[in-house]
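Given chain A, put chain B in place with the hints provided.
First to last, the protein sequences are chains A and B.
The first sequence begins at 121 in our numbering and counts up one residue at a time.
The second sequence begins at 34 in our numbering and counts up one residue at a time.
Worth flagging that the hints you see were computed from the coordinates, not collected in a lab.
Within a straight-line C-alpha distance of at most 30 Å, the following computed DSSO-like cross-link-like pairs (lysine-lysine) qualify: (1) Lys96/B x Lys54/B; (2) Lys96/B x Lys121/B; (3) Lys54/B x Lys407/A; (4) Lys495/A x Lys96/B; (5) Lys121/B x Lys145/B; (6) Lys121/B x Lys54/B; (7) Lys54/B x Lys495/A; (8) Lys121/B x Lys491/A; (9) Lys407/A x Lys491/A; (10) Lys463/A x Lys300/A; (11) Lys407/A x Lys495/A; (12) Lys121/B x Lys407/A; (13) Lys96/B x Lys491/A; (14) Lys54/B x Lys491/A; (15) Lys121/B x Lys152/B; (16) Lys495/A x Lys121/B.
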Amino acid sequence: MSFRRTRAMFGKEFRHIVRDPRSLTMALAMPLLMLLLFGYALNLDVDRIPTLVYDADHSATSRELIQRFQGSRYFDIRGFAEDDRAIEQGIDRNTILMGISIPRDYSQRIQAGERANIQILLDGSDSNTASIALGYAESIMGSYAYELRSVGENRSMGLTLNVPIDPRLRVWYNNTLESKNYVVPGLVGVILMIIAALLTSLTVSREFEVGTLEQLLSTPVRASEIVLGKMLAFFLIGAVDALTSILAGIYVFHVPFRGSVPLLAATTCVFLSGAFFMGILVSAVAKSQLLAFQLGVLTSFLPSFLLSGFIYAIENMPQGIQVITRFVPARYFITILKGIFLKGVGLDVLWPEFAFLAGFATLVFFLATRKLSQKLA
Amino acid sequence: MPTSEWAVEVDGLTKNFGSFKAVDRVSFRVGNGEIFGFLGPNGAGKSTVIRMLCGLLRPTAGKAVVCGYDVATEPEQVRLQLGYMSQKFSLYDDLSVEQNIDFFSGVYGVPKALRATRKQDVLRMAGLEARRHQLTRQLSGGWKQRLALGCAIVHEPRVLFLDEPTSGVDPIARRDFWDLIYQLSAAGRTVFVSTHYMDEAEYCHRVALMYHARIIALGAPEQLKRQLGTYGLLHLDSSDLLESMHALEGEPGVRDVAVFGGGLHVTVNDANAAMPGIRHALARKGVEVRRLDAIPPSLEDVFVALIEAEEHRGA
Chain A
121 MSFRRTRAMF GKEFRHIVRD PRSLTMALAM PLLMLLLFGY ALNLDVDRIP TLVYDADHSA
181 TSRELIQRFQ GSRYFDIRGF AEDDRAIEQG IDRNTILMGI SIPRDYSQRI QAGERANIQI
241 LLDGSDSNTA SIALGYAESI MGSYAYELRS VGENRSMGLT LNVPIDPRLR VWYNNTLESK
301 NYVVPGLVGV ILMIIAALLT SLTVSREFEV GTLEQLLSTP VRASEIVLGK MLAFFLIGAV
361 DALTSILAGI YVFHVPFRGS VPLLAATTCV FLSGAFFMGI LVSAVAKSQL LAFQLGVLTS
421 FLPSFLLSGF IYAIENMPQG IQVITRFVPA RYFITILKGI FLKGVGLDVL WPEFAFLAGF
481 ATLVFFLATR KLSQKLA
Chain B
34 MPTSEWAVEV DGLTKNFGSF KAVDRVSFRV GNGEIFGFLG PNGAGKSTVI RMLCGLLRPT
94 AGKAVVCGYD VATEPEQVRL QLGYMSQKFS LYDDLSVEQN IDFFSGVYGV PKALRATRKQ
154 DVLRMAGLEA RRHQLTRQLS GGWKQRLALG CAIVHEPRVL FLDEPTSGVD PIARRDFWDL
214 IYQLSAAGRT VFVSTHYMDE AEYCHRVALM YHARIIALGA PEQLKRQLGT YGLLHLDSSD
274 LLESMHALEG EPGVRDVAVF GGGLHVTVND ANAAMPGIRH ALARKGVEVR RLDAIPPSLE
334 DVFVALIEAE EHRGA
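So that you can see chain A by itself, here it is in the shape it has in the complex (with noise of 0.2 Å):
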C-alpha cells in the first residue's frame, strides 16, 4: 500500500465532495434535519390522553374520582358527555382516545360497600397506546378503590390501617422513562449509516459510468488504495455529521451523557469507517449509478431502522428476524451509543460490540477491494 497513491486518491475525492455544495450541504445540513425531525415526530410517550368522561351519577364520590384523573399528567379531560353516545363518537371521529362512563349509582354502591363498576372505553386501533392508557387507568382507580376502602375501614375500626405493600419503583438510566432518551441516540446511529450510504453510493458507480474507473485502472493504483482513500475523504464529513448530531442530542434534547468521550469517539470512527466501506461496496457492485443509489438506501436506512432495536426490541422479534439482526452493524453501534449515553458503561461490557463494528469494517474493506479488482475482467 503506498501512502502517496492513498493520498492522491483521497485528495481527489474530497476535491469532488467539496467542488459540490449542494451535496456537501446535505451531508452537512441532512443529519441534524433528521434527528430534529424525527428527534420530536418519534415520540413514543404516551402522556395527555384526550379523554371524555360521561358521569351520570353527579356525586362528590364521582367528581372526587374524576379529579384524580384530572391530577394525572397522562389524562386530559377534554370535556364531560351527556350520554355513552357522545363518548362513542368521539372515539370514532378521533377527537378522544379514551371515554369514563360513570354509572348513576356508582356514590351509592360505594357507600353501601358493594362491588361499583365504571366503564373505559378506549380506541384499540393504536393497540400500544391503548393498553398503556389503560394500565394508566386501573391504577388512578385501583388506588381510589382502595383508599376508599381504607377510609372506610379506620372509620368503621377506628383505628389507622397501614398499607401493606407500598412499592416504591425506581427506572434506572432513564429515570423519567422519556422515550427520547433512547430514540435520539439510537437515531445518530441509523442517519449516520444513512449518510454513508448517501455519500458513498455513487462513488464508484459514476466513474464506472464516466470511464475514469478504467482510467485509473491502468495506473499503478491499488483498489485496497482506491477504496482507503475513498473511504477516508468521506469520513471527514462523516465525522463532522456525527459530531453535530451528538451534540445536538446532548443540548437540544438534554439525553444525559454518562460515559466515556473517548470511547464514544473511537467507537464512531469504527462505525462510521464500516458504514463508508459497505456504502464503496454497495456502489462497487451496482453496475448504474440509479442502482447504486437505490441499493445503497435499501441496504442501508430499512436494516438500521427496523432491525437494529432502535425503536422496535429485538426481543420480541420472531427468531429468524432475530438472527439476520445481528448482521446489522447499526444494531451493535446503538447498544454501544446507549451504553455510552445512558448507562455510561465501558468497554468492559461494550467490547463484544466493539469487536463486531471492527470485524465488520474490515471484512467489508476486503469485499469492497475484491469487488474492485474485479472490475478487471
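Relative to chain A, chain B alone:
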C-alpha cells in the same frame, strides 16, 4: 528494469467474451520510439488489444510483453511503464486542469520533488498554462484531449497507449495533437495509437490493420501501398465528368470509376496499358481530357481493397 529491444511484444494474443472471439491470435512487435498505428473498423478488436496490453483485461490465450514485463504475470510493473488514454478522455470534470494533473501525478507515484516540474512540463506541452485553474468541464474537446494526454504522460512512461485519441475532435486540434505525438516519439517514447482516420495512419511509422479480430496487414504505410497496389489508379480531369463516367464504364481494363473531388479516380488493371484506350474512348465521345495521370494509391484505397478481398475470401 529489463531492457528490451521491443517496447511491445505480442504473440498469439486471444480474447474471447463467451463464445465471441474479440481478438484472435494476434501477433506483432513494436520498437522503442516507434509510432505504431492500429487501424480497423469499429468492433474489429483494437480497443480490446489495447486494454489487454494495459492490464485492464486478462487475455484468454497468448502472451503480451510490455517493456519486458509480462502483462499477465507482472501487471503492476507494466502499469508503471505505460500511459493510457481511453476513448472517452477519462478526466474528472469537476476538478480543475491542475488538479487533474496533480491527481494523476499522485496515483502514478511521481516523487514529490519532481511533481512541480513535471506538471509545468505537461502544462507547457499541452498549451494549457493559461487554463490551469479552469474546470475541466469547461474545456472544449480539443483541450480535454490534450489534458488527457498530459495526465497520461505525467510520469514519463516508456510506452503510451492511445485508444482513438482524436475521435470527436476538430481537424485543427487533431493536427496539433499529432504534432504532440511526434514530439513524444522524438523524445524516445513509444506511441501505440488506434484510429479509424486513414489520414492519421499515414503519420505512423508502421501500421497494423485489424479486421474481424485479426491483423490482416502490417507494415510501414509506403510498404503496404507498394505491396498491395496490384491495380493501377488514374486521376482524370475532363471537360464533362458525367459523360466521361459513361464512356469509361465497361471499357476493357477499367475496373471502377468514382468521382473524387473535381475529377475521377479510375481503377485499372495496369495504369500504363490502360491510358491510351481511355484517351481514345473519351475522344470518341467528344470529351476533352485536361489531365490523366497515374497516381499512387492512398492507404485508404489499400485498406478498402484489403478488406474487400478478405470479405470475398470469407464468403
